[in-house]
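Q: Sequences are here, hints too, so could you generate the full structure?
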Amino acid sequence: MTDPSLQPPSNLLGRWAVIGLAVAALALAFAYVAGWLTPQRLSSRGIVNALQANSGVFPGYRRNHAKGVCVSGYFEGNGAASAYSSSSVFAPGRTPVVGRFALPGGNPYAPDSSVPIRSFALRFSLPNGQQWRTGMNSMPVFPVATPQAFYDQVVATRPDPATGKPDPKRAGAFFAAHPETAAFLSWIKTAKPSASFVTETYEALNAFYFVDASGKRHPVRWKVTPEAPDDAGTGPQAGDPNYLAQDIEQRMAKGPLRWHLIVTLGEPGDPTNDATKVWPADRPTVDAGTLVIESEQPQDSGPCRDVNYDPTILPPGIEISDDPLLPARSSAYAVSYLRRTSEEAHVPGTARATSPSEHP
Amino acid sequence: MNTSNAFHPLARLLHWLMAVLILTMLFIGVGMVSTVSEKHEWLLAIHKPLGATIFVLALIRLGVRWRHPPPPLPAGMPPLMQFMAHASHWLLYGLMLALPLVGWAMLSAGGYPISLGGSLHLPPLMSANFEAFAWLRLTHRYLAYLLFLTVLGHMGAALYHGLIRRDDVLASMTFPRKPLAPAVAPVVVEVVEPPSSSIPPQV
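Chains A and B, in that order, give the protein sequences.
Residue numbers for the first sequence follow my numbering, beginning at 1 and rising by one.
Residue numbers for the second sequence follow my numbering, beginning at 1 and rising by one.
Just so you know, the hints here were simulated from the structure itself, not pulled from any lab data.
Be careful, since some hints might not be right.
Examples of chain A residues lying across from chain B (beta carbon under 8 angstroms, computed) [what the hints assert, rightly or not]:
1. Pro9
2. Ser10
3. Val23
4. Gln131
5. Asp300
6. Asp306
7. Val307
8. Ile313
9. Ile320
10. Pro324
11. Ala328
We put the beta carbon where it would ideally sit given N, CA and C, even for glycine.
A: Following this line, the structure appears as structure tokens:
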């Protein structure tokens, strides 16, 4: 028997073609799954690029909710929610929390009065490496229900370079084509920028499931409601574009600030996949415990700086619902997190991060 | 000493199992970071435990390889081709072990919980470090691209052996031919000598 490799195989060209086709097909499939062949397909990069196109790139900052302040404290569970969720966070006892108050929008220098919405993000650090992260907003509903509609809204409300404001025709056409935005639009018509972060109620907006010890799933939405009375008139004087940070510093100097974590229990038929719809007002609620904020820190050096408040990071006992915004938030937040950390790490090819003191 | 012209059956089983898992893993990884659909969540939920599985299987496979050395490359292979074959295999092993570790370190540096599903959590490999996260995350991406390219090259080379050279290499990992004594004997002689790649091929 001779070495088979010495005999030239028949149909050499065809054999090379088979090899080339097999390798090319696998490479193409990979490129397709990566989204490289379909730039028009909605992706995490596309959403973050659209946000950047609206507000500009501020290296080192979050691509949305860029202006904010870190806070620290703890959550004291009271056991009331333990009937619905097996998570240890709801058992009586303390769980450390790193939080962040912020303004929506990608500009970290936006005046506090520029938008009537504030946000509050929390990271609960449970035992055994478990975490619960949530990002909440001071509004009753989200404007849109799907990632595609969110993207379209960002594009439709892009500021006109000439005026610095969204083109009313384009924005109007978007809202007309999206009747699900009506609840949000009617709320924002009368909403006023608050004088303080601490007087606001922050809603998780998306639905989740609590899973109890027997494995039963309960649809829920949660919010934190402040103990501080709404004293909008006593806020720092107007004309200061950064009055919210001043306000929280002054209040914190007087002692810890408290919120209650209120869990609303949904009933069969309540939408879990539509953040534009409120649940009926008569749904039962549970006061799951007290959130106590003990200190605040600037966001460029505080502990919240390094946290990606991805709302799908949940401990056993809490699960995401079928709300399509949740996976999109997770995916897009990861892109924002990688971009801003890469800028801080001075990865070649990323926008150069400057320290805040170098900014006006 | 492996005097057979084939990989040990356990090595073949591990190879094909891991081939499926690693290709699945590469497609899951590149897909989950791009998609904004509900796929993002379940792909991410598979990615982490699958990465841990691949890491453990790669260690087992190295053990099997040590216990049952692979068959020698055909004597007629040019030295450069032999070098490429050896180098690409060690690169594959290196990436199989490095990618899960970099992923684990990356999640640790980012301060993320490292959940393998349910309440099964891995401890962090390092303390949270914002800038290290960026470097590790990018390293994870580019090592994954390198692994995919190496897999493509590996597949192309295997087909080249099977279709063009028509030697025993592809068969040694698939359905080995029963060795015929006269054909095998010279090959065995070849490999007992030190670094066979430095010896001119004996035709």
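Q: Now, for every hint given, state plainly whether the structure supports it.
A: Here's how the hints hold up against the structure:
Interface hint status for proline 9 of chain A: upheld, as the beta-carbon distance to the closest one in chain B is roughly 6 angstroms, under 8 angstroms. About 11 angstroms separates the beta-carbon of serine 10 of chain A from the nearest beta-carbon of chain B, more than 8 angstroms, and the hint is not met. A distance limit of 8 angstroms between C-beta atoms decides the matter here; for valine 23 of chain A the minimum to chain B is near 5 angstroms, and the interface restraint holds. Annotation: interface hint on glutamine 131 of chain A holds; nearest CB of chain B at approximately 4 angstroms, less than 8 angstroms.
Taking 8 angstroms as the C-beta cut-off, the interface hint given for aspartate 300 of chain A is violated, the closest approach to chain B being about 11 angstroms. A hinted interface residue such as aspartate 306 of chain A counts as satisfied when its beta carbon comes closer than 8 angstroms to some beta carbon of chain B; here the least separation is about 4 angstroms, so the hint holds. The beta carbon of valine 307 of chain A is positioned within 8 angstroms of a beta carbon in chain B (closest approach about 6 angstroms), and the interface hint is therefore held. Here the hint on isoleucine 313 of chain A is kept, as its CB sits about 6 angstroms from the closest CB of chain B, short of 8 angstroms.
Because the beta carbon of isoleucine 320 of chain A sits about 6 angstroms from the nearest beta carbon in chain B, less than 8 angstroms, this interface hint is met. Nearest Cβ of chain B to the Cβ of proline 324 of chain A: about 7 angstroms, under the 8 angstroms cut. The hint holds. With a least beta-carbon distance of about 4 angstroms to chain B, the hint placing alanine 328 of chain A at the interface is held under the 8 angstroms criterion.
Against the hints set out earlier in the document, violations occur for numbers 2, 5.
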